[in-house]
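Trainee: Sequence:
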Amino acid sequence: MKFLDRLLQKKIAPYAALENKLKQCSNISLPREKQAGMKRLIMASLQAQKKSFHEASLADLIEKIKNLASQIHPSAAFQSLLKEKLITVAEFHARRFSFIPFWIRNHRRFWASIVAAVFVFGLFFNFTFKIPNVEASFVTSLGEINGDVTVMRGEQVILGAPNFLLKSDDVVRTGANSKAVIRFLDQSVSRLDENTEVKISKLFMNPANKTETVVELVLHRGRLWSRVINLINNFSRFQVKAKNTVAVAKKKAAFDVSVTAKGKAKVSAVQNKVDLVVATDKKIIETTLVKGFTAEVKTDTPLAPQIRQELQPADQKDQWVAENLAADKQYIETVKQENQTQINSQVQVLPGSPFYGMKELSEGTKIALTLDDFARRKKVFLAAQEKFAEAQVLLTKGETEKARVLLDAFKVQVQNLLQWILDHEADDPVQILTLKTQITEALSAYEKQLSLLLPTDPLYALKEVIGQVKLLTATDPQQKTQELASQAGDKLLEAHDLAEQGDTETAQQQVKEYSKAISEAVSDLKQLPSDAKEQAVTTLLDNKAEDLKILEAIAAGTTSVIADGLQIAVTDAKTDTLTKIGEAVLNVQQTGPSSEVLKKLEGIKNIDVNGKSVVDVTLTKDRVDIKSDGAVIAVTGTTTLPAASASKEPLKNSL
9 MKFLDRLLQK KIAPYAALEN KLKQCSNISL PREKQAGMKR LIMASLQAQK KSFHEASLAD
69 LIEKIKNLAS QIHPSAAFQS LLKEKLITVA EFHARRFSFI PFWIRNHRRF WASIVAAVFV
129 FGLFFNFTFK IPNVEASFVT SLGEINGDVT VMRGEQVILG APNFLLKSDD VVRTGANSKA
189 VIRFLDQSVS RLDENTEVKI SKLFMNPANK TETVVELVLH RGRLWSRVIN LINNFSRFQV
249 KAKNTVAVAK KKAAFDVSVT AKGKAKVSAV QNKVDLVVAT DKKIIETTLV KGFTAEVKTD
309 TPLAPQIRQE LQPADQKDQW VAENLAADKQ YIETVKQENQ TQINSQVQVL PGSPFYGMKE
369 LSEGTKIALT LDDFARRKKV FLAAQEKFAE AQVLLTKGET EKARVLLDAF KVQVQNLLQW
429 ILDHEADDPV QILTLKTQIT EALSAYEKQL SLLLPTDPLY ALKEVIGQVK LLTATDPQQK
489 TQELASQAGD KLLEAHDLAE QGDTETAQQQ VKEYSKAISE AVSDLKQLPS DAKEQAVTTL
549 LDNKAEDLKI LEAIAAGTTS VIADGLQIAV TDAKTDTLTK IGEAVLNVQQ TGPSSEVLKK
609 LEGIKNIDVN GKSVVDVTLT KDRVDIKSDG AVIAVTGTTT LPAASASKEP LKNSL
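The sequence shown begins at 9 in this note's numbering and counts up by one.
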């Protein structure tokens, strides 16, 4: 009541002085008409002052809303909804309830204004729970074209144009002095030279996991350059068929395929490696070309492909290769920027903004008011994604400490969420699976978008955090081994890219990090129960076959004196990898023979690089002998035998 008394006193006080002055004029009498005229003048004056006050307040409000909108960039749909709601609020204020006392009406307006303000902020920050999945555009289309470019779609002949969407079975043709670019759904890119014809035989994306993609092309004639930049899924591939030869990229690669006028297929590995499959009259030949090697295949002969190493870098003797390498460099930077923009687009308000506290309040309120457990956990994950996106923006601005706080919060929120899933898995398996799928898909999408980042990039911390969180999602030993091995392999790909950029020192460090990761993975593996150990070893062998090929590719590209340190690191890594493979296999073999492990080990034995066998393995119950071009690594129990033939120098020469 005291509050109301003070309020009424403040309301009445301005009129008390006027009332006293008027009382002093009580001896003055005016005709009724004069009194009415004076009343009209007084009311008109008050109305004018009130109107002026409201116009000034309205102008101030409009200016504040403009400033707010310039920071938040509301969508068209949001603006429409906000307009509708504000009109409703305005109509609410316009109603006059004469039967309600004056002070109550004013209080009612005051509280209505507060509610309207909260509603507006709620709308502004409602995007927090409408974060789209972080993903690429997932379309295949023509990019830049030059000259005569056509698309054959069935019986239709369509004139090529930039951004024209392509489908499976489309055939793209370039005429004389004409070129074209195709950008694929997996963010890979191909460029057609003049007088080239390419059929898109397959475009596949797994709807349950959009990082699992397959692109298959058939080169009928001409020359085709392909750059694969960020395949991360073990089931993904990008392949080009030319005559009886198929070139397959499973990770990062740049390769050149051509069909000559005489019908000869030619494949050159320009960056990293590309697997080659050649079908002759007598057998199927499989090998891997690493950087700097070219294979030529004559379709009318049963002989193996002729593989040779280029004596000088391809870009120094071939203008087509040089032009494409330069275009690739620009394209990769464009994709990196696009990927970062997609994550940035989720961020409307950053820590430090006067509206950030309101945003967090809005998030917390919406989570707290969500009654369904599963729906609430989904909102928790979306809020965690928001923190991850905010961290990226802060890293681009150089605010590393603030970004790391947000990344730590992201990890904690996801870790708590994963623990909650584990504790409630039996409550509703269907909903739990949906929630787990949402998390794994988002993490995989982040992994693909961040795969182009290198340790020298200011945003590399994002990639590291996603790797750490993905390890948390591994629910069994086999999945954990798979994730550890995959992340170790990523270190090698980073080392390859760093070496290409001339940063051999950082590349050397990444190779060492790879060796360390493999040692840790094998140490963890040895502690597993027998059944889980066998599954984990088969998973490890699958990954290490690819890693050995990448090590060969890194070594093939490091020939200068300044790269001696990297050469030594690669040699050591190869020896360590083979040793750890021997230890893991022997550990399983001692507990009982495993047909699956023996099958995978046979795959290691059959690794063929540039037309030559790389590894030979002999396995007994208590010993594994691994040969590589004369070097022998003998593993017995947990000890590598120090034989003279097991020195690392021959391995270095073999690379």
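These aren't lab readings, by the way, just hints derived from the structure by calculation. Heads up, the beta-carbon is just placed ideally off N, CA and C, and yes, glycines get one too. Heads up, a few of these hints could be off.
Said to hold, decoys possible - The following label-pair restraints were derived from C-beta to C-beta distances: (1) Ser-527 to Ala-330: 52 to 58 Å; (2) Ala-184 to Ser-527: 52 to 58 Å; (3) Asp-539 to Asn-352: 20 to 26 Å; (4) Lys-534 to Gln-476: 18 to 24 Å; (5) Gly-372 to Asp-435: 48 to 54 Å; (6) Asn-171 to Glu-409: 38 to 44 Å; (7) Gln-317 to Glu-163: 27 to 33 Å; (8) Asp-539 to Gln-317: 55 to 61 Å; (9) Ala-330 to Thr-448: 38 to 44 Å.
Trainee: The structure should be examined with respect to each hint, and the outcome stated for every one.
Mentor: Hints and how they fare:
1. Ser-527 to Ala-330: 52 to 58 Å: 40 Å, violated
2. Ala-184 to Ser-527: 52 to 58 Å: 57 Å, holds
3. Asp-539 to Asn-352: 20 to 26 Å: 46 Å, violated
4. Lys-534 to Gln-476: 18 to 24 Å: 23 Å, holds
5. Gly-372 to Asp-435: 48 to 54 Å: For Gly-372 and Asp-435 the Cβ distance comes to about 24 Å; the hint is violated.
6. Asn-171 to Glu-409: 38 to 44 Å: Given about 42 Å between the Cβ atoms, the range holds.
7. Gln-317 to Glu-163: 27 to 33 Å: With a Cβ separation near 45 Å, Gln-317 and Glu-163 fall outside 27 to 33 Å, so the hint is violated.
8. Asp-539 to Gln-317: 55 to 61 Å: 45 Å, violated
9. Ala-330 to Thr-448: 38 to 44 Å: 41 Å, holds
The earlier numbered hints that this structure contradicts are 1, 3, 5, 7, 8.
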